[in-house]
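Trainee: Protein chains in written order, with the working numbering: chain A, 1 to 165; chain B, 1 to 165; chain C, 1 to 165.
The hints are simulated quantities; they were obtained by calculation from the structure and are not laboratory data.
Note that beta-carbon positions come from the ideal geometry of N, C-alpha and C, so glycine has one too.
Incorrect hints may appear among the rest.
[Claimed, not checked] Taking lysine-lysine and the DSBU-like style, the derived pairs with C-alpha atoms no more than 35 angstroms apart in a straight line are: (1) LYS11/B x LYS81/A; (2) LYS56/C x LYS86/C; (3) LYS11/B x LYS122/A.
[Said to hold, decoys possible] Now the in silico label distances, taken between C-beta atoms and shown as ranges: (4) ASN88/A x LEU144/C: 24 to 32 angstroms; (5) PRO110/B x ALA150/A: 20 to 28 angstroms; (6) HIS104/B x HIS142/C: 21 to 29 angstroms; (7) LYS56/B x HIS99/A: 46 to 54 angstroms; (8) GLU118/B x PHE66/C: 52 to 60 angstroms; (9) MET92/A x LYS98/C: 28 to 36 angstroms; (10) GLU58/C x HIS99/A: 21 to 29 angstroms; (11) HIS99/B x GLY154/C: 44 to 52 angstroms; (12) MET92/A x HIS142/B: 32 to 40 angstroms; (13) ASN105/C x ASP114/A: 45 to 53 angstroms; (14) HIS99/C x ASP145/B: 50 to 58 angstroms; (15) HIS142/A x LYS98/C: 12 to 20 angstroms.
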Amino acid sequence: MEEMNMTEEKKRTTIVLFSGDYDKAMAAYIIANGAAAYDHEVTIFHTFWGLNALRKDELVPVKKGFLEQMFGKMMPRGADKMGLSKMNFAGMGPKMIKHVIKKHNAMTLPELIDMAKEQDVKLVACTMTMDLLGLQQEELVHGLDYAGVAAYLGDAEKGNVNLFI
Amino acid sequence: MEEMNMTEEKKRTTIVLFSGDYDKAMAAYIIANGAAAYDHEVTIFHTFWGLNALRKDELVPVKKGFLEQMFGKMMPRGADKMGLSKMNFAGMGPKMIKHVIKKHNAMTLPELIDMAKEQDVKLVACTMTMDLLGLQQEELVHGLDYAGVAAYLGDAEKGNVNLFI
Amino acid sequence: MEEMNMTEEKKRTTIVLFSGDYDKAMAAYIIANGAAAYDHEVTIFHTFWGLNALRKDELVPVKKGFLEQMFGKMMPRGADKMGLSKMNFAGMGPKMIKHVIKKHNAMTLPELIDMAKEQDVKLVACTMTMDLLGLQQEELVHGLDYAGVAAYLGDAEKGNVNLFI
């Protein structure tokens, strides 16, 4: 009986990562990694521009329509190429941030994503956005789940810590 | 007794829509419509720039002070006129998004808002913001509730899924 | 027995303030003050650009590296100097907002922060961000807690109303 209660009370953190900004994605992954370390079940649901954090950094040749090609070219390819939400200064801001991250022995965004995978954080790519923006599974990194808003809600409604970033 | 428990455990999603961006409002309404379909009680509390999604698209002649007129003119009139949070490109971004939405038979923001009304999602306009920005009830679409932060908290504290968008 | 239950069910609102925008910080503090008035335990965890709301408005002479000095100079010093997330217009937007706030007898951001302190809202400065951006305790206002993501999660997981702003 007590065991059942403990199972039911398993803590859960579910984050919608909507933003394609380096700093906001860092915040999302720092909270996710912290929650996983404190034994939460953690999901990051990547939607809209947040999917860019999961793109492979090389060009993957796939067939697409014209608009989808445009989106593919204009959006950053992978976590390391994303800009800042503030003080981006045409790319100088991200360089400054990465410099202080190294200096203080903190983790870069790609390192935070690797850590999340090691801690079994569930990384979900929103299939509706992929369809809209013309992103295909071959263009995204390995180890992802593919799902829609129903699956997001299934995770979110089970826990207290729900964030939209 | 069991019925009472079920009533108490009714799932609830409460979203603060602060943003006036087309893409963020889309995300808010997609989550809200999904939650309503999965039998949550859903509230979207529109505050600050999020109120623009609820403006009528025609000019409504109402008396206002000078600053309030300025705000009224500078802010987009209705969901269809809102810009993107990323890649807005002076209005070309929203056109591209609307184009891919049509192409993929997805729903535009005005259609998502209509669907939310049909599903009895509670759409609230923040009266404090209306007062500050000089927006009047005649300028907003029909079928809204008018309330402040106390009413928001009353809904939010009853459920797990709380988002600020 | 009943008393114990009531203690366990104490309502709680925990807000991550990531944004350095005047309007978003206003929204965070309005919700926080409302929740405190309705007897929630409330925490605002200031991280990344959200720390700027807590900076003293005068220059505090402290030793820092070059990049940290740059960040210190480029970021706004205190709540009153922050810009808007929309319609900032090189600083004209914040002036308009402050004008309508006064006109409608609403509270400015510095006043909202003072009220939060009076209502015992726990204001936390994220130590990881302070380290990264080179902000030191002498540069921030009095009455803050200093903590990291573990302390944030400790508060967040106890309550329903969790927001990332």
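Trainee: For every hint, state whether the structure bears it out.
Mentor: The hints, checked one at a time:
The hinted pair formed by LYS11/B and LYS81/A fails the criterion: a straight-line CA distance of about 39 angstroms is larger than 35 angstroms. At roughly 25 angstroms between alpha-carbon atoms, LYS56/C and LYS86/C fall within 35 angstroms of each other, so this suggested pair holds. Between LYS11/B and LYS122/A, the direct Cα distance comes to roughly 23 angstroms. Compliance with the 35 angstroms bound is thereby established for this hinted pair. Evaluation of the 24 to 32 angstroms hint for ASN88/A and LEU144/C yields a pass: the beta carbon distance comes to about 28 angstroms.
The hinted window of 20 to 28 angstroms between PRO110/B and ALA150/A holds, with their beta carbons roughly 23 angstroms apart. Checked against the hint of 21 to 29 angstroms, the C-beta distance between HIS104/B and HIS142/C comes to roughly 54 angstroms, which is inconsistent with it. Checked against the given bound of 46 to 54 angstroms, the beta carbons of LYS56/B and HIS99/A, roughly 49 angstroms apart, stay inside it. As the Cβ distance of GLU118/B to PHE66/C is approximately 58 angstroms, the hint placing it in 52 to 60 angstroms holds.
Roughly 30 angstroms separates the CB atoms of MET92/A and LYS98/C, a value that falls within the hinted 28 to 36 angstroms. Separation of GLU58/C from HIS99/A is about 28 angstroms and conforms to the stated range, judged on CB atoms against 21 to 29 angstroms. Checked against the given bound of 44 to 52 angstroms, the beta carbons of HIS99/B and GLY154/C, roughly 47 angstroms apart, stay inside it. Distance hint check for MET92/A and HIS142/B: the Cβ-Cβ separation is about 48 angstroms, which falls outside the suggested range of 32 to 40 angstroms.
Between ASN105/C and ASP114/A the beta carbons are some 52 angstroms apart, a value that agrees with the proposed interval 45 to 53 angstroms. Taken as a hint, the range 50 to 58 angstroms is violated for the pair HIS99/C and ASP145/B, whose Cβ atoms sit roughly 29 angstroms apart. For the pair HIS142/A and LYS98/C, the beta carbons lie near 50 angstroms from each other, so the given range of 12 to 20 angstroms is not met.
The structure fails hints 1, 6, 12, 14 and 15 (numbered hints given earlier, in ascending order).
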